[in-house]
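Chemist: Okay, here's what each chain looks like letter by letter:
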Amino acid sequence: MDKIVCTCGHVNPVGTELCESCGRPLNQETKDKKLVDMRYEGSARRSQTYNKTIIDKIWNFFSSVKVGMWIIVAILIAAAIGTILPQVFYVPAVNEEEIAAYYERIYGTFGTIYYELGLSDLYSSWWFQGLVGMLGISLVIASLDRVIPLYKSLKKQKTKRHISFLTRQRVYGTGEVDSPIKSIEQAEEKLKKMRYKVKRDGNAILAEKGRFSRWGPYVNHLGLILFLFGVMLRALPGFYVDETMWLREGETLYIPKTDGYFLESKEFIYETYTKEESEEVYGAALDRVGSIAKNYQSDVALYKGPEDAVAGQPEDLAFVKEESIQVNKPLKFDHFSVFQMDFRLDELKSMTFQLQDKETANSFGEFTIDLANPQTEYKLQNGYKVEILDYYADFTGFEEGVPQSKSPIPNNPAFLVKMYSPEYPKGETSFVMIKETLEPLGENKHKIAFQSVETRDVSGLTIRKDLTLPILALGGLIFMIGVAQGSYWNHRRIWIQLLENGQVVVAAHTNKNWLSVKKDLDEVSKVSNLPQYEDQQDIDSQEEKEEGV
Amino acid sequence: MAQSKKQRFYIRTFILVVLTIAIVFTVYSNLTKDKNAVLQVGDKAPDFVLVDMEGNEHKLSDYKGQGVFLNFWGTWCKPCAKEMPAMDNQFNVYKDQGVQTFAINIGESDLKVNSFANRYKLSFPIAIDRNKSVMESYNIDPLPTTFLINPEGKIEKIIKGEMTEQDIANFMEQIKPS
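Chains as they are written, first to last, in the working numbering: chain A, 1 to 549; chain B, 550 to 727.
Worth double-checking, as some hints may not be accurate.
[Said to hold, decoys possible] Pair ranges (Cβ atoms, derived): (1) A:A361 with B:E711: 42 to 52 Å; (2) B:P628 with A:T462: 29 to 39 Å; (3) B:D659 with A:A361: 27 to 37 Å.
Derived from the structure by calculation, the hints contain no laboratory data. Think of the CB as a built atom: it goes at the ideal place given N, C-alpha and C, for glycine as much as any other residue.
Extracted from the complex, chain A is given alone in its bound form (with noise of 0.2 Å):
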């Protein structure tokens, strides 16, 4: 029972439809057909013959083209339904909360069912990507399946083909000739030279083109799965980053994820078209919108620190190179690119105060506090010193009397401090903020007043890092040759034979473009005397139109 011997001696494995070497039908239903399928060669697809174990079973399943439509369906369905509300990645929300408070407030009841469902989340919920997964499973079970035994049928084909295999090829025609022999031979020349492969056995010739173009959908698939396989490396650690900074001028800080590279921003550059250089281009919209960005910029320098080295050691960096990052011209090294992403503008760098006498005005000299990184003591000339008792970068108000800083970045910058003068050489306490000075401990002779200010920009940098690129687009060159290899070329095979009753049998068949394949015979015809070739389905379907209607 497990194998099938045919009339000719040859051993086809259990579910074959068409003997692999003469190509005699081989069961009932198969005999019954006028036309037989030739998609896999009548090769037995062994998914549907064995169906014993649990293995066989999974195999069965993955390896259905039906099965792999319906997964490529259920991926569609999901990937749309993850496009009606935006997905977390662009909610402007950090905590779960508040992106559950989010999809409330902006899409009400649907928001919120939405974002219970985990649709809100789809393209990296385990189901979305189980569903990937079992496409790719799909992929690699259904090609196996069907690219061996395809392979082995046509390695296997015999030039001489039986008659009842060549009656039911869709292009047939059969009929006594004149000079047969002589025929068959000026039919194989005339084959060899239109690039057929020709093979001869007696009176029997099989010419055969464009073979490989029957493996084009496997290597299509194969690039699918090298694609796939590409996007799951991601997963591992070192292939694959996406972290983002925010960096001062002037600061110098770890880049996120690398191997003790620093980056120190130089210069922040925001730049915007005048009016006098590009009236054509943008007078309309500048007298609409007010500005229009030319450029951002960083300046940066890229230094790394010693091999050895851990964490937060300073010293010893070694500068490697210094670079401006313009949006898409980012800064590259050791496969991490970083690109410049956002900015803010003007965050306060330091601010200049003069020490002067409350009623006259009159200045003791001039200092300014480095806002990043106050000094205690400020000294001035004549005995005039200035001691910074203490800072407050985000000043916010009191508590129980003691300032409070709501962060460290100074945003409204307050200090504490002590005035030293000849007159008061224990100092006079003062509170200084913006705008405002109090005198905790009675009133002062002296104060702050403040002159000046200076200040700096924040660069918005993402740094990058994809190993699996090359991968990627190694994947989708083997696609795009798979589907060129399957699409432009067809398979088309001549059978000629001069049967022992003095019959002249001609039969054809290609996967695809059959007009084709009559004109290559219709060629052969003008040179060597052949039966008149049908198309047996143009014939059967006309037949059914006449009998139907």
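Here the structure of chain A is known, so what remains is to put chain B in place on it, guided by the hints.
Modeler: Structure of chain B alone, referenced to chain A:
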């Protein structure tokens, strides 16, 4: 015949297992990606070198054999300010029992850190992570975050948020070398 059937069974099983492992791995690591980025209990604590406010250099790996109570903080962070006096008390209890306390400030100024330390009379070593590299290697978010590092240099526990004095005492007890 039986042989080829067996062979087929093994080949199919092999292919299915390989594909399943690949998918399960991908789905699993994507689901845990955010958590993966953060250090986990049992991991080796990343080494670092920082200079404290007194000018002494501290290298984490030099404290092998001792427990390390590693606290990340900011002067503007209220829970930090609340737990630090308690930390200082417990530091004085456990410092002679082989538990080091070390507080790392995230990139603030010397003046601010010193005034804070003076106000709360803190005696344990404090250092400033100026280029935020230690913060990055420990993936700190939010402040305060505390790492308990055992005498073998492995992370024993990660505490996010404020601790009571009793918590701190228990934690220090937990990483005391035996």
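Chemist: Please go over all the hints and tell whether each is borne out by the structure.
Modeler: Tested hints:
1. Under the hint 42 to 52 Å, the C-beta atoms of A361 (chain A) and E711 (chain B), about 47 Å apart, fit the expected range.
2. Between P628 (chain B) and T462 (chain A) the Cβ separation comes to about 31 Å, which falls inside the hinted range of 29 to 39 Å.
3. For D659 (chain B) and A361 (chain A), the Cβ-Cβ distance of about 33 Å falls inside the hinted range of 27 to 37 Å, so the restraint holds.
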